[in-house]
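Enquirer: Going down the list, the sequences are from chains A and B.
Heads up: the first sequence runs through residues 1130 to 1256, numbered per the numbering used here.
Heads up: the second sequence runs through residues 459 to 641, numbered per the numbering used here.
One or more of the hints may lead you astray.
What the hints assert, rightly or not - Below, a list of computed lysine to any residue pairs in the SDA-like style, where the Cα atoms sit at most 20 Å apart:
id : chain 1 : residue 1 : chain 2 : residue 2
1  : B       : K515      : A       : E1153
2  : B       : K626      : A       : A1228
3  : B       : K515      : A       : A1167
4  : B       : K619      : A       : A1161
5  : B       : K515      : A       : A1144
6  : B       : K524      : B       : K589
7  : B       : K626      : A       : P1146
8  : B       : K626      : A       : R1155
9  : B       : K515      : A       : D1135
10 : B       : K515      : A       : P1146
11 : B       : K589      : A       : L1142
12 : B       : K626      : A       : A1161
Said to hold, decoys possible - Far from chain B by the CB rule (all over 10 Å, computed), these chain A residues:
id : residue
13 : L1138
14 : A1144
15 : L1145
16 : P1150
17 : G1222
Hints in this document: simulated from the structure, not taken from any laboratory.
Predicted, not measured: the structure shown is a model, and the values here were computed from it.
Note that beta-carbon positions come from the ideal geometry of N, C-alpha and C, so glycine has one too.
Here are the chains, one letter per residue:
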Amino acid sequence: MMYDSDDALDRALFALPLEEPPGELRGSILTATAYRPAPPFSLWEVIAIGAISAVTLWLVILVALGGGALFVNTLAAIARTMATGLSNVMVLGWLGAGAATALWLSLFTSSQSAVMLRQRFEAGRGR
Amino acid sequence: MTNSPADGELVTMTLHGHPEAFATLVERYDRAVYHLAYRTLQNVEDARDATQEAFFKAFRSLRTFKPGAKFSTWIFAIVYHASCDRLDRRKRFSNEELPERADATPGPEQQAIDLDQARRLRTAIDQLPEKYRTVITLYHLQGRQYDEIAEVLGLPMGTVKTHLFRAKEQLRRLLGSTEVTES
C-alpha cells in the first residue's frame, strides 16, 4: 500500500495496535507501587522507637556506672525540668496552638476531598 | 457515560493514602508506556525494565506532579528519559555505534509470516533513526498534540514538527519502496 498523502499515513499510524507488554509486567509494577506491602513502622514510629531506645540505654548506663543515687538524681532533674516547662503559660500556649493547628489541618484539608474522590473511584471500579 | 475518575483525581487519591488508585493509572497507561519504551529501545527486556522503572519513579515522586498537568505526558516523559538513559548505557558499554535496528531481527518463523500493513509499518518505524522513531511513536500515542510531544522530549515545538515531517517523509519512502527491509 502506498501512503501518498499525510492523511493516509496518519490513518495507518493511528490504527497501529500498541505493542503487547509481557504478561507479568502489570503485576510486577503493581507489586512495586500500589500494592506494595506497607512498612511495619511509619517514619515517626521509627523515630519514637529510636528515641526511647536511646534514653533507655542512657539510663541503663547511668545505673551501671553510678548506682542508684545517680539514676534517681537524673530522673529528678528531668522531672524538674519538665515541670518547670509545663508550668510556664507561654510554653502551654504554644503547645495548645500547635495541637489546634494540627487538628484543624487534618480536618479540613485531607479527609473531605479524599472521601469524595474515594467514593467516585469505587463507583468507577464497580462498573 | 462512564464515571471513572480523571487521572488528576487518581493522583490526588493516591497522595491522600489510597495507593490502590494508582493501580487504575497503571492499568490505563502501562501498555502505552511499554509501547513507547519498546519503540525507543527495540528490546523486550529493556522496554520492560524501563516501564517498571518509570512507574516506580512516578509513584515515588507523585508529589511533584503538577495539578492540572496531564498524567500521560508526565509518565511518557519519565519513560522516555529512562529509555534514553538505557540507550546511553548501551552505547557506553559497546564500542560500536548502535545499529539502526538494535534488536528487531525476526527469527526464521517470523520471516515466514506474510507482511500485513501494520507489520510493515512497524518495521518501517523500526528502521527510522532514534529521534524520528520516538517522535513518530509519540505522535501515534498522543495524536496531533505537538506541545505535549515537545514537553515529553524536552524539545522546541518547531523541532518536533521538523522531526515529524522528516520522519513521515522517511516512512513514506520506506513504505513506498519495493519492500521494507526485514533483515
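Enquirer: Give a verdict on every hint.
Expert: Against the structure, the hints come out as follows:
1. Distance check on the hinted pair: B:K515 and A:E1153 sit about 19 Å apart at the alpha-carbon level, within 20 Å; holds.
2. Distance restraint check for B:K626 and A:A1228: the Cα-Cα separation of roughly 62 Å exceeds the 20 Å cut-off, and the hinted pair is therefore not satisfied.
3. Restraint check for B:K515 and A:A1167: satisfied, since their Cα atoms lie roughly 18 Å apart, inside the 20 Å limit.
4. Taken as a hint, the B:K619 and A:A1161 pair is broken in the structure, with Cα atoms around 37 Å apart against an allowance of 20 Å.
5. Of the pairs offered as hints, the one joining B:K515 and A:A1144 is violated, with about 30 Å between alpha carbons and a cut-off of 20 Å exceeded.
6. Pair hint B:K524 plus B:K589 does not hold up; C-alpha atoms about 27 Å apart against a cutoff of 20 Å.
7. With a C-alpha separation of about 18 Å, the suggested pair B:K626 and A:P1146 falls inside the 20 Å cut-off, and the hint holds.
8. Our distance criterion of 20 Å between C-alpha atoms is broken by B:K626 and A:R1155, whose separation comes to about 32 Å.
9. Restraint check for B:K515 and A:D1135: the C-alpha separation of about 37 Å exceeds 20 Å, so the hint is violated.
10. Note on B:K515 and A:P1146: the hinted pairing is violated, with a Cα-Cα distance of about 26 Å set against a maximum of 20 Å.
11. Restraint check for B:K589 and A:L1142: the C-alpha separation of about 17 Å stays at or below 20 Å, so the hint holds.
12. The suggested pairing of B:K626 with A:A1161 is violated, with an alpha-carbon distance near 38 Å, which exceeds 20 Å.
13. Annotated as non-interface, A:L1138 brings its C-beta within 10 Å of a C-beta of chain B; the closest such distance is 6 Å.
14. The Cβ of A:A1144 sits about 7 Å from the closest Cβ of chain B, inside the 10 Å cut-off, so the non-interface label is violated.
15. With a least CB separation of 6 Å from chain B, A:L1145 falls inside the 10 Å interface cut-off, contrary to its annotation.
16. Consistency note on A:P1150: stated as away from chain B, yet its beta-carbon is not over 10 Å from all of that chain's, at 4 Å minimum.
17. Non-interface status of A:G1222 relative to chain B is upheld: no Cβ of that chain comes within 10 Å, the nearest being about 32 Å off.
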